[in-house]
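A.B. asks: Chains as they are written, first to last, in this note's numbering: chain G, 1 to 297; chain A, 1 to 325.
Quick caveat, the hints were computed from the structure, so don't treat them as lab data.
Glycine included, each C-beta is placed from N, C-alpha and C at the ideal position.
Honestly, I wouldn't trust all of these hints.
[Claimed, not checked] Pairwise CB distance ranges (calculated):
#, chain 1, residue 1, chain 2, residue 2, range
1, A, Ala-224, G, Thr-63, 40 to 46 Å
2, A, Asp-123, G, Phe-57, 42 to 48 Å
3, G, Glu-77, A, Glu-322, 45 to 51 Å
4, G, Thr-200, A, Ile-315, 31 to 37 Å
5, A, Gln-183, G, Phe-57, 18 to 24 Å
6, A, Val-10, G, Glu-186, 38 to 44 Å
7, G, Leu-27, A, Ser-174, 56 to 62 Å
8, A, Phe-241, G, Asp-194, 49 to 55 Å
[What the hints assert, rightly or not] If the Cβ cut is set under 7 Å, some of the chain A residues that face chain G in the computed set are:
#, residue
9, Ile-9
10, Val-12
11, Trp-86
12, Ala-131
13, Ala-169
14, Val-173
15, Ser-174
16, Gly-177
17, Pro-178
18, Ile-179
19, Asp-264
20, Phe-313
[As the list claims (entries may be wrong)] In silico negatives: residues of chain A with every beta carbon more than 12 Å from chain G:
#, residue
21, Ile-63
22, Ala-140
23, Trp-150
24, Phe-241
25, Ala-306
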Amino acid sequence: MTAAATPISDVRPRVSRFRRLRGGVGLHAVVIVLMVIWAVPTVGLLVNSFRPAADAFGTGWWTALFPPYQFSFENYEHVLGQSNIATNFLNSLIISIPATVIPIFVAAFAAYAFSWMEFPGRNVLFVVVVGLLVVPLQATLIPILKLFAGWGIAGTFLAVWLAHTGYGLPFAVYLLRNFMGSLPREVFESAAIDGASPVTSFFRLAIPMSVPALAALAIFQFLFVWNDLLVALIYISAVNPDNLPLTVSIAGLITSTGGGSEFLGAAAFLSMLLPLVVFFALQRYFVRGIVGGSVKG
Amino acid sequence: MEERIITAIVAVVGVPLVLVAYIWGTEQLLRVFPDGAKPRLRPWLWMLPALGFLGLFLVYPMIGTIIASFQNTLGTAWVGLENFAWFFGSPDALSALKNNVLWLIFLTLFVVGFGLIVAILVDRVRYETAAKSVIFLPLAISMVAASVIWLYMYQYKPPGAVQTGTLNAVIGVSGAGPIPWLQVQDFSLNTFALIIVMTWMWTGFGMVIISAALKGINPELLEAARVDGANEWQVFRGIVFPLLVPTLVVVGTTMIITALKAFDIVYAMTGGNLETDVIANLMYKQMFRVGDFGRASAVAVVLLVAIVPIMFFNIGRFRAQEAVR
């Protein structure tokens, strides 16, 4: 019986292994082609940014991959030395860091209240937050611009910090509340029984236990603000060109040169530098933020 | 320059300090009140900063925009539906509206479709992480940087000249083209060229979310079907796909909103010229180029109204999730 059964069970894996292998070659081909298609645009920009202007104008970026190699830093030297890009880079940082830190604090307080405090209207209010998640910023621009003008802060960093805090809050509250609300109830109950005040529970328990969500949120908000064009375009560019971030400045460079500037590639790559570092170093948190923010985990 | 850095440092250190002091201060403040009132007052104090920001930067301006859409250029007199009459009578606005419909249908379709295909394919290879990183990476960069990247891809030189744009060089190998991708208005080719850029950016988003759902499916379920003789396609059709539908809806609604709000790519790559305009860019132009706040507000209200159904859909979905919780 056993002897008779052996050949049969021996055949089956061989058949399925064969099928998997056949599917395998096609599968690998498709996946690798997809990877190449997705990578080529970025690689093209990167290669061109290191080519002398005359080369980049006359031949495609792929010719630079073959000898004679003619790479140079002249585009980067120009961009960093003779244009405003270095200032814009600094402005982007000055805008992004406070606009990331402030909403996280504000959202954490609200998320804690939504998660662990009872009050009438709690659910209704949170539903409002869920609704506000999708409000198009366009529907807020004009009244806020008037408000900023009235306060005399149009064109300042303060204006964009405040605006980004407001715009980032629905997502921040939503993400943090979903995470904090799923923490074990017993932890907070026993802390309360031991006489811990909500402030103590918040700083000693809720915040340390929410580090993964806070990290995801920080990355998300930082990239959102760093990559933002619209908010800076509206609240800064018209009033104070000195405070422009990279995105507005590069978009201006495209429009003014019709996309023909040889320095555009270098400038764009500089603007991608920080997001790429964040992306490669903290990809896991970034993914967690995206998944946690859209599908409730 | 130093002044700016000092301001930023003050903001980064000072504002959180103020906020922490505020929360600590609320507890001191509550001591004044009787024990019974504390739990009723406390949550509102904790939420006050968030409610303030949400009210001031989202709710108040939304109402202000709706009001302004019924007023004249500078908001000095009521004009009834005049701004909306302009919108639905203006060929430029209707063209932008038509393009947004194209964006909505095709960006959503492409991102959900490619996201699903890529998620399923990379699930079966050992270098899944590397493959996902490559597809996901464009989501981390700005749409402005993506515009620069794709201007190189779409670059056009007259026939006979050396094609330096990647796409025209590729199709040139077979003797076709060159095609001025961003200028061809037939079949809205230039709008599709812009949608492709956003698809390149957002497919990673769809992939990541769908992949997470895919990994959440119980493998025993699939194994049982395979043992019963189902082939891979039947397993997908009968088990995997139905289980993924809620996730596909999540990705789809997010993409519908992204498509409706599309602005950066259009602003940077074509400026909305040659029939590529979209509502968000039209609003920007009315606001800054024309300076007509009434019309600009009306455009924003059209956008808002288009998004309201998604808003209620999301709220309904959220309520259903909470009921299960």
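A.B. asks: All hints, please: hold or fail.
C.D. replies: Hint check:
1. Ala-224(A) - Thr-63(G): 40 to 46 Å: violated (55 Å)
2. Asp-123(A) - Phe-57(G): 42 to 48 Å: Check passed, 43 Å falls within 42 to 48 Å.
3. Glu-77(G) - Glu-322(A): 45 to 51 Å: Between Glu-77(G) and Glu-322(A), where Cβ atoms are some 56 Å apart, the hint is violated.
4. Thr-200(G) - Ile-315(A): 31 to 37 Å: holds (34 Å)
5. Gln-183(A) - Phe-57(G): 18 to 24 Å: Given range 18 to 24 Å: holds, Cβ gap about 20 Å.
6. Val-10(A) - Glu-186(G): 38 to 44 Å: The hinted range 38 to 44 Å holds for Val-10(A) and Glu-186(G), with Cβ atoms some 41 Å apart.
7. Leu-27(G) - Ser-174(A): 56 to 62 Å: Violated - the Cβ-Cβ distance for Leu-27(G) and Ser-174(A), about 27 Å, lies outside 56 to 62 Å.
8. Phe-241(A) - Asp-194(G): 49 to 55 Å: holds (50 Å)
9. Ile-9: Check failed: Cβ of Ile-9(A) comes no nearer than 9 Å to chain G, outside 7 Å.
10. Val-12: holds (5 Å)
11. Trp-86: Check failed: Cβ of Trp-86(A) comes no nearer than 16 Å to chain G, outside 7 Å.
12. Ala-131: holds (6 Å)
13. Ala-169: holds (5 Å)
14. Val-173: violated (12 Å)
15. Ser-174: Where the cut-off is 7 Å and the nearest Cβ of chain G is about 16 Å from Ser-174(A), the hint is violated.
16. Gly-177: Violated. Min distance 14 Å.
17. Pro-178: violated (12 Å)
18. Ile-179: violated (16 Å)
19. Asp-264: holds (5 Å)
20. Phe-313: Interface hint status for Phe-313(A): violated (10 Å vs cutoff 7 Å).
21. Ile-63: The claim breaks: Ile-63(A) does not keep its Cβ more than 12 Å from every Cβ of chain G (closest is about 8 Å).
22. Ala-140: violated (4 Å)
23. Trp-150: Given that some Cβ of chain G is not farther than 12 Å from that of Trp-150(A), nearest at about 6 Å, it is violated.
24. Phe-241: Non-interface label stands for Phe-241(A): nearest chain G Cβ at 17 Å, farther than 12 Å.
25. Ala-306: violated (9 Å)
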